[in-house]
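The primary structure of each chain is shown beneath.
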Amino acid sequence: MLKGFSSSAPRISLEAVRAEVDALSQQEQKYILDDIHGRQRTTAVPAETEELMNKGLRALEECIEAIPAYDRECYNRAVIECPDHASDQAFRLRFLRCESFDAQKAAARLVAYWRAKVDVFSIEHAFRPITLADFVDDNDQHALQMGGIRCLPVKDEAGRAIILIDRTRFDQRVENRKSMVSRYIFPWLIQIDAHLLKLTILLRLTNS
Amino acid sequence: MHHVALEDDQVQRKGIVYIVGFPRRVSTLLEQDRKFDSFAFRHVKQALPVHVAGVHNFCSSRLLEFFIPIYLFLAGPAIRARYRLHMGQEEDFLTALDEYGIKLEALPLDMGGTSDFDYAEWLEQRRAMGR
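Keeping their order, the protein sequence lines are chains D and U. With my numbering applied, the first sequence covers 1 to 208. With my numbering applied, the second sequence covers 1 to 131.
If you are wondering where the hints come from, they were derived from the structure by calculation, not from laboratory data. Cβ coordinates follow ideal geometry from the N, Cα and C atoms, glycine included. Any given hint could turn out to be false.
As the list claims (entries may be wrong) - Computed from the model, here is a short list of chain U residues facing chain D with C-beta under 7 Å:
(1) I16
(2) P23
(3) R25
(4) M87
(5) G101
What the hints assert, rightly or not - Pair ranges (Cβ atoms, derived):
(6) U:L109 with D:L57: 22 to 32 Å
(7) D:R39 with U:P77: 52 to 62 Å
(8) U:E121 with D:Y70: 40 to 50 Å
(9) U:Q89 with D:M53: 25 to 35 Å
(10) U:D8 with D:A9: 27 to 37 Å
(11) U:R62 with D:V136: 37 to 47 Å
(12) U:A120 with D:R11: 13 to 23 Å
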């Protein structure tokens, strides 16, 4: 809904991204290429053994303890309110796998996960499993049924999940814009922003 | 949807590929939403146990190209290094996806693939299973 855009929003061009990748080491570049093409990641991902998992889980616990208490308030609460879930090894392994068994990064992500869950679902609902039955609100139902974000049932050749993002199926109804500000001021912002956009494009074309 | 994908251990190890937009359903200027994108990127980058293996973005309009550098900034270095921009016709897009290991059999009919995945039915099944 063209929300939050401005002609001065921070940006990075495709050329700058290419330069950013070129500046990486050969090994990092190979890792990224293997990743995109779904080839077996030969670098950075360790072979998953029982020993690695146990060692990783212990290191994860230590790294979480090292995070300042005020930063892991939501995590601490999760451990008390839903210990079966928060301390579940399979659940914790997800974070380790995602960070190639770097316990420090996995700990930061795990703590951020609980903070984000509280932000999104509120403190009353964050510490229990969230299922489709929790989305009872009309807007949530509508958004779910539209299928703007779909996880496809068939994996790609490398066994990776495919998530399809289709903006044309996002909920565009005015009543779903959350704040009064966006509901009433937004149409004006669109007009102003569209003018700015045209002006910026014209200036760029003129300068090129 | 991320949690659905992460139910599979292999996906936890190998990651998720995102397809953003496709030729049959081209988004318009008014459907761009930086607030949503900022929220989504923040959670994927920092909080969800997700490894982003690749992002394939189909863009058919010069005007929408204006927004790509904004998305790339929001995405952060790890995700934008795995970003690929696709343009052209549907056939070109599907061929390009195939080269990245995303076959027609995995893609739904509404984007030119051969999978008859019924999203509404899938949603009902998940609901009935209490998930």
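Hints, one by one, checked against the model:
With its C-beta approaching chain D no nearer than about 5 Å, I16 (chain U) sits inside the 7 Å limit, and its interface hint holds. Checking P23 (chain U) against chain D: minimum C-beta separation of about 12 Å lies over 7 Å; hint violated. Satisfaction of the interface hint for R25 (chain U) is found here, the shortest Cβ-Cβ separation to chain D being roughly 4 Å, below the 7 Å cut-off. For M87 (chain U), the interface hint is violated, the least distance from its beta-carbon to any beta-carbon of chain D being 12 Å, above 7 Å.
With its C-beta approaching chain D no nearer than about 4 Å, G101 (chain U) sits inside the 7 Å limit, and its interface hint holds. At about 43 Å, the beta-carbon gap between L109 (chain U) and L57 (chain D) misses the expected band of 22 to 32 Å. Between R39 (chain D) and P77 (chain U) the beta carbons are some 21 Å apart, a value that contradicts the proposed interval 52 to 62 Å. Look at E121 (chain U) against Y70 (chain D): about 46 Å separates their beta carbons, and that is inside 40 to 50 Å.
Taking 25 to 35 Å as the suggested C-beta distance range, the pair Q89 (chain U) and M53 (chain D) does not conform, at roughly 46 Å. For D8 (chain U) and A9 (chain D), the hinted distance range of 27 to 37 Å is satisfied, since their beta carbons lie about 36 Å from each other. Between R62 (chain U) and V136 (chain D) the beta carbon distance is about 42 Å. The supplied range of 37 to 47 Å therefore holds. In this structure the hint that A120 (chain U) and R11 (chain D) lie 13 to 23 Å apart at CB is violated, the actual value being about 37 Å.
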